[in-house]
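Colleague: Each chain is listed here by its residues.
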Amino acid sequence: MKRLYRIESAARLADRVYEYWIHAPHVARHARAGQFLIVRLHEKGERIPLTISAARGDAVRVIFMTVGKTTEELATLQAGESIMDVAGPLGRPSEIDNYGTCCVIGGGVGIASTPPIAAELKRAGNHVIGIIGARSADLLILEDEMREICDELYITTDDGSRGVHGFASDVLKRLFEERTIDRVWIIGPAIMMKVTSAVTAPAGVKTYVSLNPIMVDGTGMCGSCRVSVGGETKFACVDGPEFDAHQVDFDNLMQRQRIYTAQEKTALERFAEHRCRCGEGGEQHG
Amino acid sequence: MGERPAEIRIHDFEEVDLGLSPDEAVAEAERCLQCKKPLCVKGCPVGIDIPGFVHQVAEGNFPAAARSLKDQNMLPAICGRVCPQETQCEGVCVLGNKETPIRIGALERFVADWERQNNPTLPDVARPTGKRVAVVGSGPAGLTAAAELARAGHAVTIFESLHAAGGVLAYGIPAFRLPKDIVRAEIEQVLALGVRLKKNHLVGMSVGLDELLGYDAVFLATGAGLPAFMGIPGENLNGVYSANEFLTRVNLMHADAFPEYDTPVLHAGRVAVIGGGNVAMDAARVARRLGAKVYLIYRRGEEEMPARRAEVVHAKEEGIEFLTCTNPIRILGKGGVTGIECVKMSLCEMDASGRRSPEPIEGSEFTLDVDMVIQAIGTSPNPLLVSLIPGLERGRKGNVVVDKNGRTSIPHVYAGGDIATGAATVIEAMGSAKRAAAAINAMLKGE
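Residue numbers (the working numbering), protein chains in the order written: chain F, 886 to 1171; chain A, 2 to 448.
A few of these clues could be false.
Only pairs whose alpha carbons sit at most 30 Å apart, straight line, appear in this in silico DSS-like list of lysine-lysine [unchecked claim]: (1) A/Lys199 to F/Lys929; (2) A/Lys446 to A/Lys200; (3) F/Lys1119 to A/Lys200.
Computed from the model, here is a short list of chain A residues facing chain F with C-beta under 7 Å [to be verified]: (4) Asn201; (5) Leu227; (6) Pro228; (7) Asn245; (8) Thr249; (9) Pro260; (10) Gly336; (11) Thr339; (12) Leu385; (13) Ser388; (14) Ile411.
Rough simulated footprint, nothing fancy, chain F against chain A, three-plus residues with beta-carbon under 8 Å [said to hold, decoys possible]: (15) 136-149; (16) 203-216; (17) 290-300.
Keep in mind that the hints were calculated from the coordinates and are not lab data. Just so you know, these numbers come straight off a predicted model, no measurement behind them. All residues carry an ideal CB built from backbone N, CA and C; glycine is no exception.
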């Protein structure tokens, strides 16, 4: 079987964080901010969703952290190699409009999703404030790109090694005290989105979060990605991935993200063992 | 050759029914009365010349039988296995009045299998017409329309959102009823007619509506892929699946072979499957093969199950325990599933559809200890694409409204299969696709 989707470039951005440009015209030409794609690396691969972090010509950019077998395996692929399947763009695009002042917040590898949203908001005439946060300075990604797009950019690190010592939610709190913010986007780990969106709830400011539950088909067919939003069951793949943060049951999301913890561990261990036997271990991890 | 014994087959995904040997096939075909006005053909949604191909089998002329079959049906090995013949061709066979009907499905399967193993031949393809047709979805309806239109000389492109063609044939029906190499082989035959297949392409997302509607004709066959959930408490616990998800993980993604394949599925000791249709039987029997004790919970009686009788029998043989006149009211657990609370149902009143309407019996609640729940209570038309097409009329259940020839409210757009009818059978989808393909062909030829 022919692998159609060539990796045009592969770069390591930070520890366990990689940036790939993949040739996928059908995705690149239609991608909008907030959407994702699904990859399947090979005949025996699983389907995993990855946020579309940029699109240029016939190529899309994905930025991912190696958290399991498939992302580890993807990170071993070099420019010039190919991926068997890329489907997308999937999900509803971000609700872009001219709202006034918008804040786009990315946490960790979730920063990957922020440039297209910030850029489209900017194009729509908004004053765009970016907040990007990571555990430490060396894990911070896309700072230059976000600085270029946003009218203002704030940096936070958990350990204070760069920017504000603390969390994105701390900066957001301060901004809320100082001025009016009309819309907020938060993309990051579930717990970060839960905590950060709590800041905007008292003021009743519409806040979007991009959810990342486990998916299979990504087209609304299986319901693996169902999330509880405002007491209703929604499918993140077709009803989302962005939802009103103040309606999301984050605890259920986090619970459902752990369904296959044991199997994920098995798959990862088996993959690490296989790579050691093949003499490929170590170096790729950087 | 019969069926593999239940105690053996529950340990694998190999086919249950072994099919007919050539001698058995000839002997069965010889029973056919060759009726002058064959009722069986009327009972076949795709109009196969049943007496014709059965006669060829009786003569031992299997290649001629295969040509005859393929003239009306490009997916005979699939239909021979999954069609509900007992309510269609075999159901109206006059031999059924006195003895047993001709086993038309088994003969169709035999001929198709024989041909696949002995150099398949393709039907003739007409000279190119220069017309382009887009088929959306590669399930039974999409494949059938594509084959018909390609044979008429049109340039057909199928758009499929998944990484594999076949739709429900690939993700839904388990290998022990429909082996996946057979599905692939019959799809290859359709593609060999010159049909182009674009996988990983979601129309409306990866393919613009302008591009779609720019084809000379469009056939929508996006299926009824949207799974229903009961809406009872505990549904979002880990270990609660839609049948679609559970079956997709195993049938399409090979989660049964995890970790050799990357997709996992939970393995439970005790599984409750909710529903009484073919999909419920499939889910129950897959769960059994993954090693579970399986309960099948259905709110009506066994005789009212919409599943094919043969599948009910197979499920029972394989040790699935049926809890009929039982309805789940809550799924119990914290994080994962620990049980399911049910109530017994009485069957007294007839409802509007003529089926008795079950009512809960007060005080009959009980809890079943299970660690997985699979809901197989139906699916509805996939709204993803059809809701995006301006001017496309849809029915109350989200289905695309069509006339008997598959015409929609947009002149050059047709629809067939489950997206038009709601969830139905493979062969009904194929029948509607054939009618639509004939209408599309007539339109393109300016008739």
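Colleague: For every hint, state whether the structure bears it out.
Modeller: Hint check:
1. A/Lys199 to F/Lys929: Cα-Cα ~20 Å, so holds.
2. A/Lys446 to A/Lys200: The hint holds at about 29 Å.
3. F/Lys1119 to A/Lys200: Measuring from Cα to Cα gives roughly 26 Å; hence the hint holds.
4. Asn201: holds (4 Å)
5. Leu227: holds (6 Å)
6. Pro228: holds (5 Å)
7. Asn245: holds (5 Å)
8. Thr249: holds (5 Å)
9. Pro260: It holds, given that the least Cβ distance between A/Pro260 and chain F is near 5 Å, below 7 Å.
10. Gly336: holds (6 Å)
11. Thr339: Violated. Min distance 14 Å.
12. Leu385: holds (6 Å)
13. Ser388: Result: violated, 10 Å to nearest chain F Cβ.
14. Ile411: violated (22 Å)
15. 136-149: violated (count 0)
16. 203-216: holds (count 5)
17. 290-300: violated (count 0)
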